[in-house]
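> In case you want the letters, here they are:
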Amino acid sequence: MRERPPPLIVGAGPAGIRAAITLVAAGLRPVVVDEGHACGGQIYRQPLAADKRDDRARYGSEAAKASRLHRAFAALGSDIDYRPNTLLWNLRDGAADVLRDGTSRRFAYDGLILATGATDRVLPIPGWTLPGVFTLGGAQIALKAQGCAIGRRVVFAGAGPLLYLVAWQYMKAGVDVAAVLDAAPLPAKLNLLRALPLAPGIVLRGLRMAAELAFGGTRVQFGVSGLRIEGEGRVARIVYHAGGRERAMACDGVGYGLNLRSETQAADLAGCAFRFDPRDRAHLPERDAAGRSSVAGVYLAGDGARIAGADAAEAAGERAALALLEDRGLPHDPARAADLEHVLARIDRLRDLLEAAFPFPSHGAGDIADDTLLCRCEEIRAGDARRAIARFSLTEMNRLKAVTRIGMGRCQGRMCGAAAAELLAAQTRRDIGAVGRLRAQAPIKPIPLAAGLSIDERQHDPAH
Amino acid sequence: MTRRIDCDVAIIGGGLVGSSAALALRGMGLSVTLLDKGFCGAQASGVNYGGVRRQGRPSEQLPLSQRAHAIWPRLQQLIGIDGEFLRSGHLKLARSADDMASLERYAAEVAPFGLDLELVGHNQLRERFGVMGDLVGGSFCPGDGHANPRLVAAAFAAAARRAGAEVLENTEVAGVSRTFEGFALEAGDVAVTARSVINSAGAWADRFARAFNEPVPLERTYPSMIVTEPLDPFLSVNIGIEGGGIYARQVARGNVVVGGERATPLDNPDYSRPHSDGALTIMQRASELFGPLRHAQAIRFWSGTEATMPDRNPVLGPSATTPGLIHAFGFSGAGFQIAPGVGEVLAELVRDGQTATPIDAFAITRFSPASQPGGALKQQ
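Each protein sequence line maps, in turn, to chains A and B.
Under the working numbering, the residue at position 107 of the first sequence is numbered 107, and the numbers go up by one with no gaps.
Under the working numbering, the residue at position 223 of the second sequence is numbered 687, and the numbers go up by one with no gaps.
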């Protein structure tokens, strides 16, 4: 009898790490595929080369968690088949196609835990493609992984808790943070007080960051709209509406983002059913409280399944791994599973309040100016999309893609898809959940054609 | 509440064939209802390779193909966009002396149809067309080209709608039957009565043919395609290879579309996805043939669901069992170029009962010998 193929974990952030630890403890030897060069995901990303900063400087209040996860993952050693710098680009019928160093390989897996994480969500604003404009996550990674700032005098704009965290980290790193421009009106922040009993540590830390920013000379502005970034060849200033008038602020770097969006392509290729999630304003793979998807043997954990943050990702990664063990008939700990679900439910309630405190400015999509670039890869402007929607009577995302090329380029809609959906919904006066979602196609990210030249050496053995 | 529509012609299937027929029928002043179970142009018409090619077609298709050939340059007037149609020429490559001989035979055979084929040797392939690889020669058809299928099919449907056709998307035809006056169709909450019905349901057309006692050996095939990131222009012509392999074209934006191999259906056989092995094989062959592709990235794969007949010719013409019913399906992966011509032919068949374009070779009776409506076929 052939040996059963190993389970596959995609992603080595907090969810993937916890899943790996849990499977190893049960005697399995999972394959862990990760695009990063080292474990940690985006939140606990490690530097490419050692620098002089310690974890405390790099991860701030989360340093202890980061160190613990890094150490625990390293301790797994050869108990896992760890493949860093490796892109999962297709999934089909229990086999994964991965690319590393330009060579594609395929291997069989039995049990799949997707911990694919999240990226920034953006709505295009005038000037968003100017050099010097970064997403909030990108600005944070530059600082965390490379010790670089995105400018000398920086403005952070958009929505979400990350807005304040990144601004505060930049201030602590000695960068002049000119302003934090929050799309949410001040009254929305009252939800933070409701969240206080659920997570006093998190809420108080957030409030302290905002206070330190304000005392440090950063302009903290609520209820911001009409964002526009200007400059000749690169960022020179940001213009915005607040308090009933237009204001401008000089800066040479802008961090911009509207919370996060889940990376769901792998779940789509794995055949998972999706449904619309109002809180995240996105179609997400369905899962039960344990992380089981609609496909037997496929489990979902972390921000890749729904935005809930790093602590939830750890719990969900472990919970999904326990579900995999249970479904295989292996020993597992039901009491532990129940505890984890309790933790996840509590964080979920907290997320509801955080989302209310940092709401997505959904009205913005209807306002995107016609000459603003909507799809960077294919260079499609908002006006192009609007004309196509009218001409072809479009009501659905994949038809919008087919006719305009939005979402057909290098990013496959990962960057522009959310904005395109908002625009389509606004123009057709439909609910955002009713315009559908872009179907994922392989490859999840671009792969070199030359990968086909390695076809004869490609391995087809079950393990690796 | 059921909505009732009465019209001259009901068209089942809003692909390029059905949509262009709808537009042509509106041009004749007939009332048209176009029904699609999904979105018009979202199946094979919209996700095919985009070759606008006469070269390589069997000679019985060439009169129809030539008719369509005259329509492609007029898309702007006809449907309001040019569909990114480029009269680039189509170059078919020969990898062996045998293949070259086959191209020569074909050129001689189709000479009377006016394709103006030009046979080119090995050296010219590199000098004129920048094609490398182990090749003997090729055959060049200067009037052929390529277009954007995602736009063309959708634009025909949109133009038909603007011209007054009732276009009903997400409206699957659940039942169609012959009545005393014509036909009755049930589709969701719509009830359509029509004097004529066109069955242009593509890979789903066999179901409707069978309903009128005309079973056909339709098979589904799933062509597999990849597209690269935008590259500097290096490929001016639409490329095919004698005997198969890959086909490739570069669009104005710079992306190179390469097809070949077959995809495999998903659990729901209406949908398919390229297989990794097939996609990698296409990538391998393409990078062997075109130097600039060796350092390019593939950004997307896709596939579609095509209706293929055993003899690779479509079924096109009146039903042999049911007056007023006209079939047009089974274009076997080569329908894109001829579809606008098929639309005109279908409109003539509806209005006049005949067409000047020879289509006898495509009669459904080659698969389903004429029988009576109402189940006479069962006794055969």
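Any given hint could be a false lead.
Derived list of chain A stretches under chain B, where covered just means 3 residues or more per stretch with a C-beta under 8 Å from a C-beta of chain B [said to hold, decoys possible]:
1) 9-23
2) 288-299
3) 408-421
4) 436-444
20 Å max Cα-Cα, derived EDC-like pairs, lysine to aspartate or glutamate [unchecked claim]:
5) A:K445 with A:E379
6) A:K445 with A:D268
7) A:K172 with A:E62
8) A:K65 with A:D81
9) A:K445 with B:D741
10) A:K445 with B:D562
These are computed hints drawn from the structure, not numbers from a lab.
Where a beta carbon is used, it is the ideal one built from N, C-alpha and C, also for glycine.
> Straight-line Cα separation of K445 (chain A) and D562 (chain B) no greater than 20 Å?
Distance of about 41 Å is beyond 20 Å: violated.
> Given the hint that K445 (chain A) pairs with D268 (chain A), test it: the Cα-Cα distance must not exceed 20 Å.
OK: K445 (chain A) and D268 (chain A) at ~14 Å, within 20 Å.
> Hint check: K65 (chain A) vs D81 (chain A), CA-CA at most 20 Å. Holds or violated?
It is violated: about 23 Å lies between the C-alpha atoms, which goes past 20 Å.
> If you count the residues of the stretch 408-421 of chain A with a beta-carbon closer than 8 Å to a beta-carbon of chain B, do you get 3 or more?
holds (count 4)
> How about the stretch 288-299 of chain A: do at least three of its residues have a C-beta closer than 8 Å to a C-beta of chain B?
Not satisfied, violated; 0 residues make the cut.
> Take the stretch 9-23 of chain A, compare each residue's beta carbon with every beta carbon of chain B, and decide whether three or more fall closer than 8 Å.
Since three or more residues must qualify, the claim that chain B covers the stretch 9-23 of chain A is violated, with 0 doing so at under 8 Å.
> Does K445 (chain A) pair with D741 (chain B) here, judged by a C-alpha cut-off of 20 Å?
Cα-Cα ~17 Å, so holds.
> Are 3 or more residues of the stretch 436-444 of chain A near chain B, judged by a Cβ distance of less than 8 Å?
Holds: 3 residues of the stretch 436-444 of chain A have a Cβ under 8 Å from chain B.
> Would you mind confirming whether the straight-line C-alpha gap from K172 (chain A) to E62 (chain A) stays at or under 20 Å?
15 Å, holds
> Given the proposed pairing of K445 (chain A) with E379 (chain A), does the C-alpha separation stay at or below 20 Å?
18 Å, holds
Figure legend: structure checked against the earlier numbered hints; hints not met, in rising order: 1, 2, 8, 10.
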